[in-house]
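K.L.:
If you're matching them up, the sequences are chains B and G in order. Heads up, the first sequence is in UniProt numbering, so the first residue is 1 and it goes up one at a time. Heads up, the second sequence is in UniProt numbering, so the first residue is 1 and it goes up one at a time.
Misleading hints may appear alongside valid ones.
Given that identical chains are not distinguished, each listed pair holds provided it fits within a single copy or across any two copies.
With a cut-off of at most 27 Å between alpha-carbon atoms, the simulated DSSO-like pairs for lysine-lysine come out as follows [to be verified]:
| # | residue 1 | residue 2 |
| --- | --- | --- |
| 1 | 116 | 313 |
| 2 | 267 | 40 |
| 3 | 311 | 86 |
| 4 | 135 | 204 |
| 5 | 261 | 40 |
| 6 | 350 | 261 |
| 7 | 157 | 116 |
| 8 | 158 | 346 |
Quick caveat, the hints were computed from the structure, so don't treat them as lab data. What you are looking at is a predicted structure, and each value in this text was computed from that prediction instead of being measured.
There are 2 protein chains.
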Amino acid sequence: MFEKRIKDLRKKLLKEKLDGVLISSVASITYLTGYSNFFKEERDGYVFITSGGNYILTHSIYSKALKGKILNFEVIEISRRDPPEKILQNILKRETASIGIEEHDLRVYEYKRLNKAFKNLKNFELKVDRVIKNKHEIELISKACKVGDKVFEKVFKKIKLGMSEKQLVFEIESLIKKEDLDVSFRTIVAFGTNASAPHHLSGKTKLEMNQFIVMDFGVLFENYCSDMTRTVFFGNPSEKQKYIYNIVLESQKKAVEFLEKALKNKKSIKAADVDKTARDYIISKGYPSIPHSLGHGIGLEVHEGPHLSPKSKDILKEGMVFSIEPGIYLEGFGGVRIEDLFVLGKKGLKQITNSKKELIAV
Amino acid sequence: MFEKRIKDLRKKLLKEKLDGVLISSVASITYLTGYSNFFKEERDGYVFITSGGNYILTHSIYSKALKGKILNFEVIEISRRDPPEKILQNILKRETASIGIEEHDLRVYEYKRLNKAFKNLKNFELKVDRVIKNKHEIELISKACKVGDKVFEKVFKKIKLGMSEKQLVFEIESLIKKEDLDVSFRTIVAFGTNASAPHHLSGKTKLEMNQFIVMDFGVLFENYCSDMTRTVFFGNPSEKQKYIYNIVLESQKKAVEFLEKALKNKKSIKAADVDKTARDYIISKGYPSIPHSLGHGIGLEVHEGPHLSPKSKDILKEGMVFSIEPGIYLEGFGGVRIEDLFVLGKKGLKQITNSKKELIAV
Chain B
1 MFEKRIKDLR
11 KKLLKEKLDG
21 VLISSVASIT
31 YLTGYSNFFK
41 EERDGYVFIT
51 SGGNYILTHS
61 IYSKALKGKI
71 LNFEVIEISR
81 RDPPEKILQN
91 ILKRETASIG
101 IEEHDLRVYE
111 YKRLNKAFKN
121 LKNFELKVDR
131 VIKNKHEIEL
141 ISKACKVGDK
151 VFEKVFKKIK
161 LGMSEKQLVF
171 EIESLIKKED
181 LDVSFRTIVA
191 FGTNASAPHH
201 LSGKTKLEMN
211 QFIVMDFGVL
221 FENYCSDMTR
231 TVFFGNPSEK
241 QKYIYNIVLE
251 SQKKAVEFLE
261 KALKNKKSIK
271 AADVDKTARD
281 YIISKGYPSI
291 PHSLGHGIGL
301 EVHEGPHLSP
311 KSKDILKEGM
321 VFSIEPGIYL
331 EGFGGVRIED
341 LFVLGKKGLK
351 QITNSKKELI
361 AV
Chain G
1 MFEKRIKDLR
11 KKLLKEKLDG
21 VLISSVASIT
31 YLTGYSNFFK
41 EERDGYVFIT
51 SGGNYILTHS
61 IYSKALKGKI
71 LNFEVIEISR
81 RDPPEKILQN
91 ILKRETASIG
101 IEEHDLRVYE
111 YKRLNKAFKN
121 LKNFELKVDR
131 VIKNKHEIEL
141 ISKACKVGDK
151 VFEKVFKKIK
161 LGMSEKQLVF
171 EIESLIKKED
181 LDVSFRTIVA
191 FGTNASAPHH
201 LSGKTKLEMN
211 QFIVMDFGVL
221 FENYCSDMTR
231 TVFFGNPSEK
241 QKYIYNIVLE
251 SQKKAVEFLE
261 KALKNKKSIK
271 AADVDKTARD
281 YIISKGYPSI
291 PHSLGHGIGL
301 EVHEGPHLSP
311 KSKDILKEGM
321 VFSIEPGIYL
331 EGFGGVRIED
341 LFVLGKKGLK
351 QITNSKKELI
361 AV
């Protein structure tokens with residue numbers, strides 16, 4: 001799998017007339033090598049690919065453990081004396097060489113140092129390749145989703161009057177860790193009016209009667225992410241609360257129906273049109289436009305392409321895995337979001353998160 | 001506190017002849033506003049400070065929750081139509097304006113967009129200001145350390161023959177979360193020979209008899225980090241194992257003694273000299289030079305200045321908080337690391353992690 005990916009990268013390298021590509025994002029390094037130990041918050045290493053060689057550049061704290069471990073890769077140690085740009089110079093020999101860089105990931109200080117050694121730096125998008133998943137990747141994401149469903153099924157027993165958002169986060173994350181797995185991102189739990197912020201930071205707010213509970217969480221399965229959101233009700237929902245919930249649910253259904261119809265008609269599917277379908281439905285019911293994209297691709301990163309948003313130029317294609325997650329957020333009232341993951345497969349659209357979606361009153 | 005920090009930043013802005021400073025790192029945003037909800041893996045927002053105004057630029061999913069919440073800050077919504085560079089243009093009115101950016105954090109794609117709108121972009125280091133901690137910050141880090149000590153005290157009961165590294169990670173993190181707190185970084189647990197890699201990714205390796213266990217973990221207390229490492233022994237350590245452990249322990253002591261002596265003599269303390277003291281001691285005993293820095297500053301980020309490393313130019317000063325963490329790593333044998341945090345205070349050097357350091361046999 002990794003050999004094929006590197007082979008494909010080399011083809012691109014030739015096509016774009018690059019002498020080498022410097023990969024810095026941890027997700028892309030994992031994509032090319034299977035190695036995922038680097039910390040995302042630091043710059044622990046790079047992958048460098050030329051027409052003739054594969055290199056991992058990393059600090060001494062990793063280099064020993066890595067030597068000989070990654071098939072077909074040579075490990076080169078970064079140090080003060082041998083910074084990345086010098087190592088690249090040693091490999092390429094000439095400063096006229098042109099190098100691809102991940103502009104979405106590389107920091108300005110790295111760029112400036114690199115640019116002193118090489119004049120020709122060009123943006124290189126490995127992210128684009130990662131958007132289309134193979135069978136194995138889809139399996140891993142699906143497995144992550146299954147664990148998410150299992151966790152959701154179990155979490156109800158843990159919901160109690162007076163518990164804090166943070167406690168519920170802890171319960172969700174513990175259930176994931178009991179499966180010997182990690183979370184794919186910081187779990188979001190929002191009670192009541194806090195749910196009017198889509199990315200609420202869970203805190204000490206305590207659960208009261210008759211509140212919405214938004215739970216947005218994901219599982220990491222062999223480096224691949226899941227992501228799902230369910231909104232449940234603690235107590236007895238009023239008519240208005242049920243009404244809002246069902247508009248969100250219906251909005252997701254509209255997006256799915258739009259996709260399925262387009263697939264049936266073998267039409268090219270613009271991601272922006274899927275977004276529009278769900279968005280317009282919510283607006284037509286008199287509620288505010290969704291303050292975020294309808295959905296995002298997922299894989300080695302929780303958020304990657306394709307982008308299902310109003311201005312997206314992405315076309316949805318076979319092998320893509322993405323979320324559909326409409327929401328209504330009202331200040332002082334709260335919020336509702338329903339998020340599922342879908343695969344665009346050979347046989348059509350398949351939902352891979354399968355927790356129930358009728359409004360659950362706990 | 002935040003008002004003073006912004007006032008200080010404005011002085012720097014004048015001094016460096018900048019018309020504005022764009023702060024992008026989440027730690028620095030937290031430092032200036034107290035707001036820490038932005039995800040580190042995404043670009044959720046920026047802070048922009050001019051001589052006359054304080055702004056938070058963020059996406060719609062945050063902007064509503066933020067409006068009016070951060071004292072003295074105006075919230076401006078980023079959108080496709082209003083990207084950051086356009087918002088800055090609206091504020092500054094002229095493209096000759098010079099803007100400070102965090103080159104260590106800003107991505108190349110952001111830099112290029114910004115650079116199209118403004119020709120004068122200069123590196124700006126707020127990280128430098130963050131290195132000196134005030135009393136309140138030291139209190140928060142110390143509180144995080146205390147929880148770390150408490151967790152370490154409790155974790156022994158959880159260590160069992162045959163448990164996996166990941167299970168021990170889970171036990172440590174659960175103990176932290178039971179205190180209603182978060183971890184400050186991904187917990188590292190390494191059994192036996194795995195400990196020869198300083199940044200081992202904990203996995204399914206099972207604990208066997210007569211192995212070293214390295215535990216490196218931290219607690220987040222009101223946005224401030226702790227960080228500590230203890231190496232314990234499962235079974236009965238051999239003479240060689242005890243010998244190696246004690247060299248590491250002695251190496252840390254040497255560094256502390258060096259610091260205390262320099263403080264007593266009121267000498268300027270070069271961080272590189274502290275590193276050298278501990279490093280040389282290990283080498284003098286015939287073991288390899290530490291494959292990482294002796295220590296690092298800590299605060300809103302786990303790793304920040306000062307840097308206690310061979311090539312560091314940092315001078316250790318009052319108000320700095322940093323780790324001293326020597327280690328010996330031997331392939332096929334394993335590793336030992338002992339890490340504590342220290343404050344350089346008015347009354348001298350104070351250790352703020354206080355778990356015992358004699359070799360513990362579990």
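K.L.:
Now tell me, hint by hint, if it's right for this structure.
P.N.:
Taking the hints in turn, this is what the structure says about them:
In this assembly of identical chains, the alpha carbons of residue 116 and residue 313 lie at most 27 Å apart only when taken from different copies (23 Å versus 35 Å within one copy). Taking identical chains as interchangeable, the C-alpha atoms of residue 267 and residue 40 are never at most 27 Å apart, the minima being 39 Å within one chain and 38 Å between chains. For a Cα distance limit of 27 Å, the shortest separation of residue 311 from residue 86 across copies, 17 Å, qualifies, whereas the shortest one inside one copy, 41 Å, does not. Taking identical chains as interchangeable, the C-alpha atoms of residue 135 and residue 204 lie at most 27 Å apart only when they sit on different chains, with a minimum of 25 Å there against 42 Å within one chain.
In this assembly of identical chains, residue 261 and residue 40 lie within 27 Å of each other by CA distance neither inside one copy nor across copies; the values are 40 Å within and 38 Å between. Taking the closest pair of Cα atoms, residue 350 and residue 261 come within 27 Å of each other only inside a single copy of the chain (14 Å); across copies the shortest separation is 68 Å, beyond that limit. Proximity of residue 157 to residue 116 under the C-alpha cut-off of 27 Å is found in neither arrangement, the shortest distances being 59 Å within a copy and 55 Å between copies. Proximity of residue 158 to residue 346 under the C-alpha cut-off of 27 Å is found in neither arrangement, the shortest distances being 39 Å within a copy and 48 Å between copies.
When held up to the earlier numbered hints, the structure conflicts with 2, 5, 7 and 8 and fits the remainder.
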